[in-house]
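Chain by chain, the residues:
Number of protein chains: 2
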Amino acid sequence: MGSSFLQANSLALWLFSLFALFTFTEGEKLLVIPQDGSHWLSMRAVVQKLSEKGHEIVVVAPEVNLLLKGEKYYKRKTYPVSYTQADLDIGFQKFSRNLFKKVSFPLTIFQEYWNNMYIINLFFENCESLLKNREIIKYLEEAHFDALFTDPALPCGVILAEYLFIPSVYFFRGFPCSLEHAICKSPNPVSYIPRCYTVHTDRMSFVQRAINLFANSFETTLFKTLYNKYQDIASEFLQRDVHLPTLYRNGSIWLLRYDFVFEYPRPIMPNMVFIGGINCEEAKSLTPEFEAIVNNSGEHGIVVFSLGSMVSEIPMKKAMEIAEGLGTIPQTVLWRYTGEVPPNLAKNTKLVKWLPQNDLLAHPKTRAFITHAGSHGIYEGICNAVPMVLMPLFGDQMDNAKRVESRGAGVILNIIEMTAKDISNALQAVIYDKKYKENIQRLSELHLDRPIHPLDLAVHWVEFVMKHKGAAHLRPAAHDLNWVQYHSIDVIAFLLAVVLLALIISLKCCLFCCRKCCGKGGRVSKKSKSKSQ
Amino acid sequence: MGSSFLQANSLALWLFSLFALFTFTEGEKLLVIPQDGSHWLSMRAVVQKLSEKGHEIVVVAPEVNLLLKGEKYYKRKTYPVSYTQADLDIGFQKFSRNLFKKVSFPLTIFQEYWNNMYIINLFFENCESLLKNREIIKYLEEAHFDALFTDPALPCGVILAEYLFIPSVYFFRGFPCSLEHAICKSPNPVSYIPRCYTVHTDRMSFVQRAINLFANSFETTLFKTLYNKYQDIASEFLQRDVHLPTLYRNGSIWLLRYDFVFEYPRPIMPNMVFIGGINCEEAKSLTPEFEAIVNNSGEHGIVVFSLGSMVSEIPMKKAMEIAEGLGTIPQTVLWRYTGEVPPNLAKNTKLVKWLPQNDLLAHPKTRAFITHAGSHGIYEGICNAVPMVLMPLFGDQMDNAKRVESRGAGVILNIIEMTAKDISNALQAVIYDKKYKENIQRLSELHLDRPIHPLDLAVHWVEFVMKHKGAAHLRPAAHDLNWVQYHSIDVIAFLLAVVLLALIISLKCCLFCCRKCCGKGGRVSKKSKSKSQ
Numbered sequence: 001m002g003s004s005f006l007q008a009n010s011l012a013l014w015l016f017s018l019f020a021l022f023t024f025t026e027g028e029k030l031l032v033i034p035q036d037g038s039h040w041l042s043m044r045a046v047v048q049k050l051s052e053k054g055h056e057i058v059v060v061a062p063e064v065n066l067l068l069k070g071e072k073y074y075k076r077k078t079y080p081v082s083y084t085q086a087d088l089d090i091g092f093q094k095f096s097r098n099l100f101k102k103v104s105f106p107l108t109i110f111q112e113y114w115n116n117m118y119i120i121n122l123f124f125e126n127c128e129s130l131l132k133n134r135e136i137i138k139y140l141e142e143a144h145f146d147a148l149f150t151d152p153a154l155p156c157g158v159i160l161a162e163y164l165f166i167p168s169v170y171f172f173r174g175f176p177c178s179l180e181h182a183i184c185k186s187p188n189p190v191s192y193i194p195r196c197y198t199v200h201t202d203r204m205s206f207v208q209r210a211i212n213l214f215a216n217s218f219e220t221t222l223f224k225t226l227y228n229k230y231q232d233i234a235s236e237f238l239q240r241d242v243h244l245p246t247l248y249r250n251g252s253i254w255l256l257r258y259d260f261v262f263e264y265p266r267p268i269m270p271n272m273v274f275i276g277g278i279n280c281e282e283a284k285s286l287t288p289e290f291e292a293i294v295n296n297s298g299e300h301g302i303v304v305f306s307l308g309s310m311v312s313e314i315p316m317k318k319a320m321e322i323a324e325g326l327g328t329i330p331q332t333v334l335w336r337y338t339g340e341v342p343p344n345l346a347k348n349t350k351l352v353k354w355l356p357q358n359d360l361l362a363h364p365k366t367r368a369f370i371t372h373a374g375s376h377g378i379y380e381g382i383c384n385a386v387p388m389v390l391m392p393l394f395g396d397q398m399d400n401a402k403r404v405e406s407r408g409a410g411v412i413l414n415i416i417e418m419t420a421k422d423i424s425n426a427l428q429a430v431i432y433d434k435k436y437k438e439n440i441q442r443l444s445e446l447h448l449d450r451p452i453h454p455l456d457l458a459v460h461w462v463e464f465v466m467k468h469k470g471a472a473h474l475r476p477a478a479h480d481l482n483w484v485q486y487h488s489i490d491v492i493a494f495l496l497a498v499v500l501l502a503l504i505i506s507l508k509c510c511l512f513c514c515r516k517c518c519g520k521g522g523r524v525s526k527k528s529k530s531k532s533q
Numbered sequence: 001m002g003s004s005f006l007q008a009n010s011l012a013l014w015l016f017s018l019f020a021l022f023t024f025t026e027g028e029k030l031l032v033i034p035q036d037g038s039h040w041l042s043m044r045a046v047v048q049k050l051s052e053k054g055h056e057i058v059v060v061a062p063e064v065n066l067l068l069k070g071e072k073y074y075k076r077k078t079y080p081v082s083y084t085q086a087d088l089d090i091g092f093q094k095f096s097r098n099l100f101k102k103v104s105f106p107l108t109i110f111q112e113y114w115n116n117m118y119i120i121n122l123f124f125e126n127c128e129s130l131l132k133n134r135e136i137i138k139y140l141e142e143a144h145f146d147a148l149f150t151d152p153a154l155p156c157g158v159i160l161a162e163y164l165f166i167p168s169v170y171f172f173r174g175f176p177c178s179l180e181h182a183i184c185k186s187p188n189p190v191s192y193i194p195r196c197y198t199v200h201t202d203r204m205s206f207v208q209r210a211i212n213l214f215a216n217s218f219e220t221t222l223f224k225t226l227y228n229k230y231q232d233i234a235s236e237f238l239q240r241d242v243h244l245p246t247l248y249r250n251g252s253i254w255l256l257r258y259d260f261v262f263e264y265p266r267p268i269m270p271n272m273v274f275i276g277g278i279n280c281e282e283a284k285s286l287t288p289e290f291e292a293i294v295n296n297s298g299e300h301g302i303v304v305f306s307l308g309s310m311v312s313e314i315p316m317k318k319a320m321e322i323a324e325g326l327g328t329i330p331q332t333v334l335w336r337y338t339g340e341v342p343p344n345l346a347k348n349t350k351l352v353k354w355l356p357q358n359d360l361l362a363h364p365k366t367r368a369f370i371t372h373a374g375s376h377g378i379y380e381g382i383c384n385a386v387p388m389v390l391m392p393l394f395g396d397q398m399d400n401a402k403r404v405e406s407r408g409a410g411v412i413l414n415i416i417e418m419t420a421k422d423i424s425n426a427l428q429a430v431i432y433d434k435k436y437k438e439n440i441q442r443l444s445e446l447h448l449d450r451p452i453h454p455l456d457l458a459v460h461w462v463e464f465v466m467k468h469k470g471a472a473h474l475r476p477a478a479h480d481l482n483w484v485q486y487h488s489i490d491v492i493a494f495l496l497a498v499v500l501l502a503l504i505i506s507l508k509c510c511l512f513c514c515r516k517c518c519g520k521g522g523r524v525s526k527k528s529k530s531k532s533q
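The listed protein sequences derive, respectively, from chains S and W. Just so you know, we're using the numbering used here here: the first sequence kicks off at 1 and counts up by one. Just so you know, we're using the numbering used here here: the second sequence kicks off at 1 and counts up by one.
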């Protein structure tokens, strides 16, 4: 009896272990269509955590790329493209050089447009190569993924989700000009939501509001211009006429790298999930090399300076101006720069090809952060409470910089026009004027006091979409209305017509009655007249 | 050496314990102004958890109340009111009886208004007694609370937060007609967001959209009518002219008992936090008495029936109709009812004065839930995946019921007009037609798959507001614009004026030029005419 009880117990234990193993390994299948460059950095963290949770992940990437390398967390499926690594590097050098060209308004608009189109066209070749690669498409069709996880800054993943008929999760900062709100039917009042490139805050004067309204009218045109080629290729690939914003609306969840210590509060939609600051990793200890530099900086501490991975070199005249400015402060400056060393580089400035940005910003000796105002860098600045000197270059960076400045946590410099003196003044201000540190400290505390870490939140929603095959319960009915219906124009027109008709009928009735009365009166008076005669 | 090391270690441990104790006891001070009745049930859970986290909590309640009893989790501060417990009980009996009066449209509107005003006026006396109690107000002034936590369905807490100049967190389901959205400047398109009492879903026909637009125009009037007396008392108490919606806008965080498996997806604002389902506690085991009833129900299982705590009795004719209907099904019915026992009560129906609703709904033998469609009950139905028969009585219950029905998870009955046959048919449908169970199961899975429990989320945000003295970074700039500015009417009018002026000037110029040319031509032709003569 005792033995059989033990046997039954062992069997139960074995069955339980098998069940646990089955539960553990029964992950979902996720297809990832990422965006190359810094966009991938925070998305990669989500992919890694999903992989650790037992999901099977396939990342599709072009053979020639910047950061989309193979890793143990996922299976990488590559496809050939028409350009080489050298072409790509030269392309980015050209782009980088163009950022420092001095042009005046209104040519700045065209330059900005050119910069955006340059990147979009560069990546368009990627997308075209993928969609025309029958072998890889066949593989994706047969793999039966549960969901697609993509950076929708460019719509290749969005088109593929439609083709494969699988739900998708989007992950990015947002489109140029916050077009994600228009696509999600999230109302966008021009009176307090500044439009892109206007460099307004959410508190605008009358003139600024007028400019904002004017800028707003170009947003749809901008979207069309930027994504025209993608609409054509989508139509060709899906073999039907495609309206790109409608395709985008099929995204189940929009994981947006927003946080309202940085963004201005505004209407949002239930399928938007905010994961701003997802890229702020816990600080690791510095390598001995960096540790030594930081420790040798003495009481003055250090300044961290990086213009991001896309800027490889700066025109020598500008680099010398910067070097002169940096030389005027007592802090040690760690400058991430791969271009030619400016000859006037001061002793306090150390040039490095790469720096552990987040770990350095987290160091208590860091006094300021000079940044190009990319959203990743700004979130690292906020997380670590480091006041910033902002040198925006292109895209959303000017608006990002304005947000930080409007919160009193940084100073903006125009990188084209700034002098050594401007750089020196800006650095002195953010380091020695206490209000900058106090403001960024307050923002940092607000940002970090959250009920759940953005990484866990992102992972939750990707798993949610895989498990429930989408999130249809979060899709507003507004998507099924046309423009006239959405704005109730048909109803208003109908009600106005009814009111008008009622008025006309009432008027006609009144006139008819008056005529009757007057007519009668007239006849009576005639009769009485004739009588009197 | 060893001994001194041990001593140092003990000292460190002691210091650490002291620090931990200090950290644990260093809670913030929270003032709670609750709403009596079922509203308090889920708010109490938040208060309990905050207390467990070391915060000092004071709940202010009228001496005569329904559920606002003293508990170990908080200090209760009571104030005298002008009515007795008997008055309160009679008042609710009168209210309950009125719900079953048969009236026809349009008198239903007045009856609904009367029902709402009855409750509002009943509680108005509470608020008046509190604000006019100098002793308690003096105590509140001197207590220096970090924040105020209130159910803003009635504005007593909102007025007090303004007076005491402390940040506030709101906690409730929402106003009649979702006025919280208008107050928070959350856009509210009439084309797909159904207005209260219309019983529309988010997918409306043309006629329904027209009715919705019409209903929308009464919302502000409704707010004014419902809260008129509170505006007067607020002005008197704060000694200045008060605009109640403006006062409401000062709420730092709105904890709303929303979830989009139940509500229709719509625009929201960053300071709205959704904690729908917060009242679904983990099921506890049943008492032996209930356990026995459930176990004896056999393969058919049980049906749980409750019309909420506000309905104490039902007219006998109606109660008999219900009893007859319940008798037609093979399930055992557990009916929470305190009125006179209907003589035709069938054997399968057990009347109880109270029932553990959530624990019973969580039991696998529960087949259906007959409810008055209050939001607490509906969330318990969703959490436990029990299909519902909905008998809405007043307030938001009709709209709640429609939401459940539109998701295919329940059947609505008109409690005034329903017959025994209707009740029987509805129960048979939700128990035996698989689609109801499948739909509620799907809703339940979606609802429960959340990144953080609503209770933890609510606790986080109350702590956030206490710690950071508000959440100003989530307040949209829209609050600082007037109606004309918000809708950009001034800018549009200005731009139209500019365009019109430009047109007039252009026209004038054209006319002037034409006249010049024609005048010349005229003269020439005259000349030539005279020449030819």
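Quick caveat, the hints were computed from the structure, so don't treat them as lab data. Note that the Cβ used here is the ideal one computed from N, Cα and C, for glycine as well. Be careful, since some hints might not be right.
Listed next, with one range per pair, are the computed distances between beta-carbon atoms [stated by the list, open to error]:
| no. | chain 1 | residue 1 | chain 2 | residue 2 | range |
| --- | --- | --- | --- | --- | --- |
| 1 | W | D449 | S | A493 | 51 to 61 Å |
| 2 | S | N250 | W | P106 | 41 to 51 Å |
| 3 | S | M320 | W | I505 | 32 to 42 Å |
| 4 | S | M320 | W | C510 | 37 to 47 Å |
| 5 | S | K29 | W | K102 | 35 to 45 Å |
| 6 | W | K132 | S | F218 | 39 to 49 Å |
For lysine-lysine, the following DSBU-like pairs were computed, each having C-alpha atoms within a straight-line distance of at most 30 Å [said to hold, decoys possible]:
| no. | chain 1 | residue 1 | chain 2 | residue 2 |
| --- | --- | --- | --- | --- |
| 7 | S | K101 | S | K467 |
| 8 | S | K435 | W | K469 |
| 9 | S | K101 | S | K138 |
| 10 | S | K437 | W | K365 |
| 11 | S | K467 | W | K29 |
| 12 | W | K437 | W | K318 |
| 13 | W | K437 | W | K284 |
| 14 | W | K224 | S | K435 |
| 15 | W | K437 | S | K29 |
| 16 | W | K435 | W | K402 |
Comparing the hints with the structure gives:
no.: 1; hint: W/D449 to S/A493: 51 to 61 Å; verdict: 43 Å, violated
no.: 2; hint: S/N250 to W/P106: 41 to 51 Å; verdict: 44 Å, holds
no.: 3; hint: S/M320 to W/I505: 32 to 42 Å; verdict: 52 Å, violated
no.: 4; hint: S/M320 to W/C510: 37 to 47 Å; verdict: 58 Å, violated
no.: 5; hint: S/K29 to W/K102: 35 to 45 Å; verdict: 58 Å, violated
no.: 6; hint: W/K132 to S/F218: 39 to 49 Å; verdict: 58 Å, violated
no.: 7; hint: S/K101 to S/K467; verdict: 50 Å, violated
no.: 8; hint: S/K435 to W/K469; verdict: 19 Å, holds
no.: 9; hint: S/K101 to S/K138; verdict: 45 Å, violated
no.: 10; hint: S/K437 to W/K365; verdict: 61 Å, violated
no.: 11; hint: S/K467 to W/K29; verdict: 42 Å, violated
no.: 12; hint: W/K437 to W/K318; verdict: 28 Å, holds
no.: 13; hint: W/K437 to W/K284; verdict: 23 Å, holds
no.: 14; hint: W/K224 to S/K435; verdict: 44 Å, violated
no.: 15; hint: W/K437 to S/K29; verdict: 28 Å, holds
no.: 16; hint: W/K435 to W/K402; verdict: 17 Å, holds
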